[in-house]
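What follows is the residue order along each chain.
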Amino acid sequence: MILNGNNITKQYTRRGEKFSAVNNADFFAWSGDFTVIFGESGSGKSTLLNALAGVTKPTSGNVEIDGQPLFSLGDEDLARLRNERIGYIPQNAASLSAFTIAENITLSSTLYNKKIDKEHIKALLDKLGIAHLANEHPQNLSGGELRRVAIARALANKPDLIIADEPTSNLDEENSRKVYSLFARLARTGVAVIVATHDKSVLGYSNRTYHMKSGALIPDVGEYGNL
Amino acid sequence: MGADVLIAPYDGEAEDQSILLQGGLSHRTLPREVLEFTRKLPGVSVASPQFFFTTLSVSCCDKKVNIIGFDSKTDFTIKPWIRKTYKSEFKPGYVIAGNDIDVEKGGKIKFFDKEFTVVGTLEPLGNKLDQAIFADIETIELLRQAAASKGYNFIVEGEPSAILANLEKGADFEKISQAIHGQFGDLQVISRRNMFDSVIAMAKSFKIAVWIIAGFFLLIVIASVSIAFSVSTNERKREFATLLIIGATRKKLANIVLGESLIASGSGAFAGTLFGAVGIISFRFLIQENLQIPFLLPNISIILLTIVGALFIPAIAGIGASYHIAKKVGNIDVYTALKEDA
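Sequences listed follow chains X and R, in order. Residues 1 to 227 in the working numbering are what the first sequence lists, from first letter to last. Residues 1001 to 1342 in the working numbering are what the second sequence lists, from first letter to last.
Don't read these hints as lab results, they were simulated from the structure. Keep in mind the model is a prediction, meaning the values are calculated, not measured. No residue lacks a Cβ here, since even glycine has one placed at the ideal position from N, Cα and C. It is possible that some hints are incorrect.
Unchecked claim - Pairs of lysine-lysine residues, derived as BS3-like cross-links and limited to a Cα-Cα distance of at most 27 Å, are as follows:
no.	chain 1	residue 1	chain 2	residue 2
1	R	Lys-1328	X	Lys-57
2	R	Lys-1328	X	Lys-18
3	X	Lys-114	R	Lys-1237
4	X	Lys-57	R	Lys-1339
Claimed, not checked - Computed far set for chain X versus chain R, every beta-carbon distance over 10 Å:
no.	residue
5	Gln-11
6	Phe-19
7	Glu-76
8	Ser-201
As the list claims (entries may be wrong) - Estimated spans, in silico, between C-beta atoms of each pair:
no.	chain 1	residue 1	chain 2	residue 2	range
9	X	Asp-126	R	Asn-1234	33 to 43 Å
10	X	Tyr-12	R	Phe-1217	37 to 47 Å
11	X	His-137	R	Asn-1234	17 to 27 Å
12	R	Asn-1255	X	Glu-103	12 to 22 Å
13	X	Gly-204	R	Asn-1234	37 to 47 Å
14	X	Asp-172	R	Asn-1234	26 to 36 Å
15	R	Ile-1220	X	Lys-115	44 to 54 Å
16	R	Ile-1220	X	Asp-77	48 to 58 Å
This is chain X alone, in the form it adopts within the complex (with noise of 0.2 Å):
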């Protein structure tokens, strides 16, 4: 799996006028990385990653995996490629507050009626520490266990590319832990796996790193560098 983005800027309008919440990125992940981005909040990392997941199509440029440019898939096409490839973690993700906990992680495959793996899940359930959960309704848990759950549901359907918003947020260092161990043990079965962050902790794992500034993004080869 080749991940590829090019020169990718995406531009919002704020108070009227237009700045670059990312401007000419390039970024690419193979199989196997484990790939972080540093940066300060609100330097554009979120919207890299949306691009990346192909849910935020950007102003200028393109995402490709494995040559195939995500944007100019259609609806039903991107969608499909989003579920069955792209495990995506969002900074804020949300659970369906009228399914239970089981339901949310197994919605991925129920959107397109496709087979539960039961022994996937669980194991899934088992190693993120929410197993107990599983019949519960969103309401009832805590951020640090919401956060778990959006990490169990974008790995339920076995992708081979990882995306992770800040996963380690509202979670203690022991969760955290757990969490990255998890990415760093699909990322040696194959997936890529890109970690945007402020976790230092993430370092011990990932073996590319960028860092995200006013919107550029640059391959890190300074202190946290490995490249």
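Following the hints, complete the assembly by docking chain R onto the known chain X.
Chain R alone, transformed into the frame defined by chain X:
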């Protein structure tokens, strides 16, 4: 009514429309001379008396029953209508029952301990005539005698409750009316045009009022669905964004909103139709009484068409009202949606 002229006792508030629409019957009578006087007037081709009574003393019913007597030899209004159920000669002791009278054709009905034979039952009219018994004047005389034998003398022999007349072609109604009024004071002479003009005007006003009320409620449906879905989808923006992230198409998101609005407005339409039907049928007599209009169910195809309209129009209006919201949800920006509500 089928008559050109109706002559009835002047009865204060009693209105001619009530006779036409409600089968409302005045129990005052006309002087017996009015009939002969009217028959002899130039321009009058035929004049026939009618007799109205109300009695509780009847075997079939625990509520008041109206008895309408007519002269089968001269009648031209009741007989043609009754002929649909009874075509033979009216013999003394024969009666025809209105649709609400609980007695079968061929059955017997007792007034003042005297039995009368029911030779026909009428189709429903939706007014008080459904609770009436129709009888020829010879049967009315038997009834009068039976009542008198029991000490009830409420039927005055030979005094009609109303006279219905047809005019010759070119006859001047005003002259006839003046002649009758000139001879007899305390009565009303009403022309067919006067009777029907006011009835038609009333029916038209009622129809307009019903359409205005229906339109008003449809607007309420549209406004309610639009507001409710606008609020609810706004609260669920993050859920829609999440669905998009895990692989739902934008079209699917829009369809979720449209589907929910169809369920909401469709259920509302179903409940409204059901309660409306139950309410109308249960309170039909009250409605009839208060609005002074007949209540009659239309044929099955009109009922089905009305039900289909009552179910589909609000459901479609609900979908229309939520369409712009569905479109908005289909174009949701994930980044903004997740960030705004976080």
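For this session: Against chain R, does X/Ser-201 hold up as non-interface, every C-beta pair farther apart than 10 Å?
Result: holds, 23 Å
Exercise. Cβ-Cβ distance between X/Asp-126 and R/Asn-1234: within 33 to 43 Å?
Worked result: holds, 37 Å
Exercise. Are all C-beta atoms of chain R more than 10 Å from that of X/Phe-19?
Worked result: X/Phe-19 is indeed farther than 10 Å from all Cβ atoms of chain R, at 14 Å.
Exercise. Is it the case that X/Gln-11 keeps its Cβ farther than 10 Å from each residue Cβ in chain R?
Worked result: holds, 13 Å
Exercise. Holds or violated: X/Lys-57 with R/Lys-1339, Cα cutoff 27 Å?
Worked result: Holds, at roughly 17 Å.
For this session: Given the hint of 44 to 54 Å, check if R/Ile-1220 and X/Lys-115 actually sit that far apart at their C-beta atoms.
Result: Holds - the Cβ-Cβ distance for R/Ile-1220 and X/Lys-115, about 46 Å, lies within 44 to 54 Å.
Problem set entry | Pair hint outcome, X/Lys-114 versus R/Lys-1237 [Cα-Cα no greater than 27 Å] | The given pair, whose Cα atoms are some 25 Å apart, holds under the 27 Å limit.
Exercise. Is 12 to 22 Å right for how far apart the beta carbons of R/Asn-1255 and X/Glu-103 are?
Worked result: holds, 20 Å
For this session: With 37 to 47 Å as the target window, see if X/Gly-204 and R/Asn-1234 comply at their CB atoms.
Result: holds, 42 Å
Exercise. Within 37 to 47 Å or not, the Cβ separation of X/Tyr-12 and R/Phe-1217?
Worked result: holds, 43 Å
Problem set entry | X/Asp-172 paired with R/Asn-1234, Cβ distance criterion 26 to 36 Å | For R/Asn-1234 against X/Asp-172, whose Cβ atoms are near 33 Å apart, the range 26 to 36 Å holds.
Exercise. Between R/Lys-1328 and X/Lys-57, does the CA-CA distance stay at or below 27 Å?
Worked result: holds, 17 Å
The structure does not agree with the numbered hints 7, 16 stated previously, though it agrees with the rest.
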